[in-house]
Amino acid sequence: MTPNRTVLIGGGTARTAPAVVGAFLEAGYAVTVTGRDPERLRAALAVIPGSEAVHTVIAELSEPNAAKDAVNSTLERWGRLDSMTTLAQTPFRQSPFAETSLAELEELVLGSLYTTYNLARAVLPPMLEAGGGHIVTIAGGSAVDPAPGRALFGATKAAIVTLTKGIARDYKHRGIVANCLVAGGIGTERARQYLSPDEFAAAATPQEFANAIVFLASAEGSGINGAAVELNAREVD
0 MTPNRTVLIG
10 GGTARTAPAV
20 VGAFLEAGYA
30 VTVTGRDPER
40 LRAALAVIPG
50 SEAVHTVIAE
60 LSEPNAAKDA
70 VNSTLERWGR
80 LDSMTTLAQT
90 PFRQSPFAET
100 SLAELEELVL
110 GSLYTTYNLA
120 RAVLPPMLEA
130 GGGHIVTIAG
140 GSAVDPAPGR
150 ALFGATKAAI
160 VTLTKGIARD
170 YKHRGIVANC
180 LVAGGIGTER
190 ARQYLSPDEF
200 AAAATPQEFA
210 NAIVFLASAE
220 GSGINGAAVE
230 LNAREVD
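Quick note on numbering: numbering that gives the first Met the number 0 labels position 183 of the sequence shown as 182, and the sequence is numbered without any gaps.
Hints listed in this document are in silico derivations from the structure and should not be mistaken for laboratory results. Take every hint as true, because none was put in to throw you off.
Distance condition first, Cα-Cα at most 20 Å in a straight line; then the derived EDC-like pairs of lysine to aspartate or glutamate:
1. K164 x D144
2. K164 x E229
3. K171 x E219
4. K171 x E128
5. K67 x D36
6. K67 x E128
Build out the structure end to end from the sequences listed, making use of the hints.
Laid out in structure tokens, this is it:
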């Protein structure tokens with residue numbers, strides 16, 4: 000039986016993935032999750048109630064054909080594709096701009112911008128054929144206001160914001176809703192290691208992050224399109 004709502008989630012081994020996958024399952028979605036490493040993906044999903052129903056695809060989303068294969072696998076499994084988001088991140092070295100390298104920039108572009116582009120590009124044809132769909136991309140607060148040492152990281156995230164707004168403007172009349180969730184700090188256990196107690200207390204919880212994505216990926220969030228939605232309630236001065 001074809002489910003009522005489906006979502007394709009890239010970056011299933013991200014530290015926020017358990018909360019995001021769990022939130023979509025709780026909202027009644029049929030879920031496909033991608034990851035590069037089968038063992039890490041299994042371990043990430045093992046902590047999520049109901050994850051045995053999740054369809055998994057091993058894919059390197061920085062490769063266009065891998066993103067297309069993930070989309071095709073989702074359609075074969077569920078018969079439809081309503082929403083897409085990607086949590087894929089690339090580790091980066093925080094350093095002043097003059098101490099950065101082109102290789103670092105290329106790595107960030109490949110792991111963040113390319114994966115977002117490839118997955119969004121792959122989901123658009125079936126979404127357009129079906130009459131619409133929701134795309135939720137993710138950027139960090141440095142896309143808007145980069146902290147010291149985050150010039151390269153912020154630049155790649157700002158590109159994701161612009162890419163998302165462009166998708167919305169190109170296809171809003173064809174049922175595509177595309178928004179970028181610009182998240183400040185997320186209070187994962189790893190973040191606890193480098194955030195001060197005050198910063199950690201101000202960070203969004205993984206569940207708040209997940210709930211925002213599910214809202215933007217759903218019909219309930221369709222009144223927002225082409226926006227950079229900031230998740231920063233407790234960080235506002």
